[in-house]
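Keeping the supplied structure of chain A fixed, place chain B upon it in accordance with the hints.
Chains A and B, in that order, are what the protein sequence lines are. Quick note on numbering: the first sequence equals residues 1 to 455 in my numbering. Quick note on numbering: the second sequence equals residues 1 to 315 in my numbering.
Hint data in this document are derived by calculation from the structure and do not stem from the laboratory. Remember, it's a predicted structure, so these values are computed and weren't measured experimentally. For each residue, glycine too, the CB sits at the ideal point set by N, CA and C. Some hints here could point you the wrong way.
In silico contact screen, one side only, chain A against chain B (beta carbon under 10 Å); selected entries [claimed, not checked]:
| id | residue |
| --- | --- |
| 1 | Ser-138 |
| 2 | Leu-139 |
| 3 | Leu-141 |
| 4 | Ser-234 |
| 5 | Asp-244 |
| 6 | Trp-246 |
| 7 | Ile-354 |
Far from chain A, by Cβ distances over 12 Å, these chain B residues were calculated [said to hold, decoys possible]:
| id | residue |
| --- | --- |
| 8 | Gly-26 |
| 9 | Arg-125 |
| 10 | Arg-145 |
| 11 | Glu-174 |
| 12 | Tyr-206 |
| 13 | Val-209 |
| 14 | Met-213 |
| 15 | Pro-218 |
| 16 | Leu-227 |
| 17 | Glu-260 |
| 18 | Asp-285 |
| 19 | Ala-294 |
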Amino acid sequence: MGLLAEQTHVAAPGWIMGLFVVVMLLTYVGVAYKGLHKTVAALLGGGVLVLLAVYLGLFDYHEIYEILAKDLNVFGVIIGTGILVDVTGGSGLFHFLSMLIVRATGGRATLLFLAICGLTFVFVALLTIVPAVLVLCSLVLVICRSLNYSPKPFLLAVAICANSGAIVTFASGLPNIMIGTAAGIPYMHFLLISAPYAVVSLGIAMLVLRWAFQRDLPWKQDAEERAQLEAKISEFDPWALVEDRWVLTRSAVILGLTVLGFALAQPLGLGMDYIAMAGGTAALLFAGRGVEDTIAKVNWTVILFFTGLFLVIGCVEATGVLEKLAGAVVAMAGDKPARLIPTVCVFSAGTSAIVDNIPVAATLIPIIKSIAGMGVAPEPLWWSLVLGSNLGGNGTPIGSISCVIALHALKKEAKISVGWGEFIKLGGLIMAIQVIGAVVYLLLLQALNAFPALT
Amino acid sequence: MVEPTRRDLDRAVENSMDMFSRARVGAVAAVVPRRPKSVLLAVDGSSQDAFGAAIAGQFRQRFGCQVAVVDAREGDGAGNLAQQTAKSLVGKAEDKGSGDSFAQILEAVERSKCDLLIAPCPYGRDLEAVGPDSAGTVIDVLLARSPVPVLVVRKPYQPQGDLFHQVVMILAAENEMAPEAAAWAAGMIAPKGTFHLVLVLEREMYENVHALMESIAPDMDVSIDSLSHALARNYMRLHRGLQKAAAETGFEYKLKLQVEGEAGPIAAADASRPTLRVLALERSDHVSEGAVQARIRQSLHPVLVVCRRPDAGDV
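Next comes chain B alone, as it looks inside the complex:
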């Protein structure tokens, strides 16, 4: 029979061995879905406010959480937007502060003792005008300082039925916040929704590793597949934990290994319906910070960024 070349054979055996090695996860507990008990919604009078309010309203309905609203626009002429929105959400309006918008929002986060912040992105600027060029200073600072996860609202979707039928959690490298982000994502997905865990191998990372390995071990064949499998191995316990959570909670769960630029759930997300994107942010990691910024800017879908409290210890 016509046999594969030695190189193809080696690669096929290694890939298959990698796959079997991934099964060695030991005992894994189901990811425990994390749901907000108290939500703070930041409003700025933009077209995104309605969708942000719809998300907060739905969380209140589904999880029975408290809702607070803050209008953090700079200056005094903001009117009673926070009160009106809070009234419609059966929530509480936070007192308007002074100073920079990000400082007002962070103060409100502390005062309200919320465990999730929902904010339009870019805050106080027109999304259409800014486009994918910037997430805005307010969001940049919130991502750097917020003690709670931040759900940024991009395109002002018309809310219809249960939100977040599709949740896409994206991981591109080792990230210590991944389990926490997965717990939040599993908590927010709509009943019977679909959860995609997408492990993306970035071409830049592959090229860097390949170049380094070529100088360290020239005989070693570092392929995109082998790096992709390594990334997958890193997250197999999380994958198994999410599988178990899916079985217990009733949502559909899929794992996708993807090389950057390939077709997959990220690109395939229905642009007419909001897909919740979930990102884990390691604040001390510049690569993680840069990747989160870039993905928010490029996304029209709402993005949940889960990060460690600035004063928290190791996860």
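Excised from the complex, chain A in its bound form:
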């Protein structure tokens, strides 16, 4: 990104910078505003800024293709993983596995809670947030109806634990894909750096949730209650969810191989987008689903949203304002990681809780690149952005798509509303502890010089 800034390092006049920043912020307001579709807001912002950039002589029109070309790999990952997730999800693999595990809990509240939190974490790590949370929310609603539990503690657990799962791997969430692609972070680095803290943040969330809902669930159940629950839960037979055993097996194998491919992409000299597209193609070939139907389910809304967003960021970056902002950050916080880590982590978490973590990540990526150009080691900052932008989603009911889905399902299916105040008390507390923990964790890694260097 950032043609003018990168190629000529000539900053645009201050008023142009100001104008572009205003349009960018208005775009973000549009993204956050419920009355306007996020994709429309992003495309509108991108369209206006391209027009301004061309007519104010910031760059020639054809250079927008260079802006978009730099992020083609992100589109490749989104399309490939989208197909893969649709096919594996449609095979019933995740419904089957989750029902199998939930049945193994015998319906006991404590084990069920642990199972739901753990499943959310793992499924989000493998599937990304939206499909995983949809599976888990519906599972919770069906099981809670059958066992007469309140779905609220479980659905809030899904909403919040999902954001821990989102930091496990490169492909667990869109911010990771964007940051990982821009910074050239190998998949294995995610397993080394963010995955361990994902587990810690999951532990934090589970402890706080257990404490917050101590009166909402029968955590201690006697032998008779357990026997009744066992009888009820054993009415569910996970194998009934399997329509075709071979499709299920093939889907699991393709998903497993794709994850392995992500891990080995760098040694193989391949890009993540290639692995994702190869996984998607294998899913189309072997997983027994209609090709046309599956391709039609690729999330074109997300792709158009990113198109608009990348244009917005590319245009703003071309004014040189982001570079200037990076300089201001370094001037304010210094060039020491001990100050930059908390700054980036807390800022990205706070803004992600209010706006959306994708524009936050998209805006901060060129800023961190600029900071790196000032002689500051970029690795701690990239990880601060990964952890901050994902965990920030726990702060408000609209901070993360997992919260939006879970709270909507809770209201629609169980007629239980969770207000902003109630959610912030719980989610905000968890976010605060998780973000503080993340800062401590990253500072510790910095002190131990444990960040793997990026090539």
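What follows is chain B alone, placed relative to chain A:
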């Protein structure tokens, strides 16, 4: 992150909940495969006779069942077709009766005490000439009156190796004969064959339900998916029973939810090899009767129709 619209979200959650609800089947026993002990083959001198005889011969080989043959053509000049066919099948020729072909066949069914009838369709008429326009009067009456399942032979396939490597059982609505039909289908599938249970949501049914629900509950969103899931829920115990039968018996089993007209195992069946289609017939149900008639007429593959005995009580 870009979230789905509220409507998409509601639909996705409902579909996923429907799917999980389908797992609530309780304890289910494996479907017990049902195999014929005695088969009656009706012949009419058409090109379909050879394939009908091959099916009867293979059942005799695989299941050790007795085979009887009846030539039910009207009139006296039928010759010794039944005797010749019975001889080649090491079976028994039923005496030729008089009167309508369907009456002769039904009499032979009673006399032979068979539990499966194999008949060419249309009986006594050229399949090429009639095409998909009619299954013929004889088959219509047999479907209405036969006390045993009827396996109708359509295209005169050249029999090769084990027959019925592919079995496609089609259900389009609630049908009380479905378990019985599944048991027969599981019994007839070739060793290591593939059994498809296809639950077809007919567009006409969807449009009817949708129109009715719009007047009863205008706010209720009745989608094709929700009806398809409802149909699936109806047959989950059967599905699980077939899964268990597949594991015990060694055939491959697949469930397919399909909206009428979509690609699936029905349309994908290899036209060069016979795929056994299995239909459950509820005699008192006009929709079921009409659907069975239509599917037989449109099929070139052999069709097994499993119906209740006319004098039997509730299943």
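Those earlier numbered hints the structure runs against, lowest number first: Numbers 7, 8, in rising order.
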